[in-house]
Amino acid sequence: MTLSSSPHANDDWSRLEAAIEAFALAWDQAPSPPDLAEHLARAEKSLQGELAVELIKLDLERRWQCGLRRFIEDYLEEVPELRERLPASLIFEEYHARKLAGDDVGPTELFDRFPSHVAELQGLFRVDPQLRSKMLADSASPLGIDLAPGETIDDFDLLLRLGQGAFATVFLARQRSMQRLVAVKVSADKGDEPQTLAQLDHDNIVRVYDQRCVVERELRLLYMQYAAGGTLADVVSTLRRIPREQWHGRQFLKAIDAVLDSHGESPPADSALRRKLTEMSWPQVVCWIGAQLARALDYAHRAGVLHRDLKPANVLLTAEGVPKLADFNVSFSSKVEGSSPAAHFGGSLAYMSPEQLEACNPRHDRSPVSLDGRSDLFSLGVLLWELLTGEHPFDDEADPLSWATRLEAMTERRQRGLNDFQRMGLRHADAPGLDEVLPRCLAAQPADRFATGLELAHELDLCLQPDARQLLSG
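Just so you know, numbering that gives the first Met the number 0 puts 135 at position 136 of the sequence shown, and the rest follows in order with no gaps.
Check the hints yourself; a few may be wrong.
DMTMM-like mimics (lysine to aspartate or glutamate), calculated; alpha carbons at most 25 Å apart, straight line [unchecked claim]:
id, residue 1, residue 2
1, 44, 394
2, 275, 260
3, 98, 145
4, 253, 319
5, 98, 209
6, 275, 434
7, 98, 108
8, 44, 102
9, 253, 217
10, 275, 466
11, 98, 73
12, 98, 72
13, 44, 16
14, 98, 150
15, 275, 215
16, 275, 429
17, 44, 34
18, 253, 269
19, 44, 73
20, 44, 390
21, 98, 260
22, 44, 269
Pairwise CB distance ranges (calculated) [claimed, not checked]:
id, residue 1, residue 2, range
23, 260, 446, 21 to 31 Å
24, 110, 262, 44 to 54 Å
25, 446, 77, 42 to 52 Å
26, 257, 446, 34 to 44 Å
27, 115, 446, 31 to 41 Å
Hints were generated in silico from the structure; no laboratory data involved.
We treat Cβ as the ideally placed atom computed from N, Cα and C, and that holds for glycine.
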């Protein structure tokens, strides 16, 4: 089996996610563990290196939870090509899988077994000794959460699975005591997210009602406002299937309506906001969404909360189209007792600022404590760029490099900045100034970005008001 890399980054990531999800589903449905080599062989050769690492991580978790002990060396027998470029993050994953299963394992054992990886492993333990790694596994089934629509848990009748990630599953549910529909996020009983979100009350942040703990199953039920219109990831997926000239406010609402229809719901009968969105061009919709999310971030930052995982899947939409920031699972709040920037550090690599990538890198001495709100604004810039163009601004290839080397390559791409051709593609007559706003969000140095979310929101507002922008700039 040959392990190689692919230059087609966006398509590669989609195929990798699909392959990981298929492997997770096989684990859920088969009476015995699925054949990792068989699943790996189904993938294109260009993807097999990265996929091997991610399938092994998932397989490690599941096997140790089932009492089926397996070690990295066993996988190297199955995928010998990994011997030459074994990622330290994969060794680190064995440690966490064993810890979660109650096994008595310490760093020293790993240092003894893998002496050539000691420096990188020490860095990984320094950044975050408590967490499982979070890379492509967002699409895999969360460990230990065995629930399905139709079941009842605590005060909630589970009606529909809305989403699933590495750490949680989200259901549409009926809360019996209040007789209302809510979104219930089911996760392992750990983390600061409920305390973090309980501080936040903003029109563009998903409102959290409360939490319950199911002690006997070691689960946390975080129940919150139900946003019926899906996510921005659904919108991006819909737009990529149609010609660019058809991207418009009407298509934005069509994507929302498709989600509503899949849930058996109807669009609002009379909505002034939806009428307004129907008349907007696509660049105007992007500016409108961006301004609201920037204000939400400004509010969170002033409350001492960093999000650190901005991406389309973490922006929920109401039936009217209002964006709401969600999933603070890797956020940091300076006002939560006992919380620290390293305690829940992670996020989705493709949207990270260069300084956040450095803080994730075991070879770099940057600490998570050095990050501030401008890192979130960088991530918002990546999100808005993707929403506007359908593509990421940085060509992050999916390749089988080591964790640290891969992070260094991604950091270098961001520090290199955007080229003139990319900037030209942002120019739109109906949203003048957007070609200046987004590159500033993506500046390599935090000092060159917008200082606050409110400043960014004001600039995006002006992109929707050409006359006012011209007056102020003149």
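Hints and how they fare:
no., hint, verdict
1, 44 to 394, "holds (20 Å)"
2, 275 to 260, "holds (22 Å)"
3, 98 to 145, "holds (20 Å)"
4, 253 to 319, "holds (11 Å)"
5, 98 to 209, "violated (29 Å)"
6, 275 to 434, "holds (23 Å)"
7, 98 to 108, "holds (13 Å)"
8, 44 to 102, "violated (35 Å)"
9, 253 to 217, "violated (40 Å)"
10, 275 to 466, "holds (19 Å)"
11, 98 to 73, "holds (18 Å)"
12, 98 to 72, "holds (18 Å)"
13, 44 to 16, "holds (15 Å)"
14, 98 to 150, "violated (30 Å)"
15, 275 to 215, "violated (49 Å)"
16, 275 to 429, "holds (15 Å)"
17, 44 to 34, "holds (17 Å)"
18, 253 to 269, "holds (16 Å)"
19, 44 to 73, "holds (22 Å)"
20, 44 to 390, "holds (24 Å)"
21, 98 to 260, "violated (43 Å)"
22, 44 to 269, "violated (52 Å)"
23, 260 to 446: 21 to 31 Å, "violated (47 Å)"
24, 110 to 262: 44 to 54 Å, "holds (50 Å)"
25, 446 to 77: 42 to 52 Å, "holds (48 Å)"
26, 257 to 446: 34 to 44 Å, "holds (42 Å)"
27, 115 to 446: 31 to 41 Å, "holds (38 Å)"
In the structure shown, a violation is registered for the earlier hints numbered 5, 8, 9, 14, 15, 21, 22 and 23, in ascending order.
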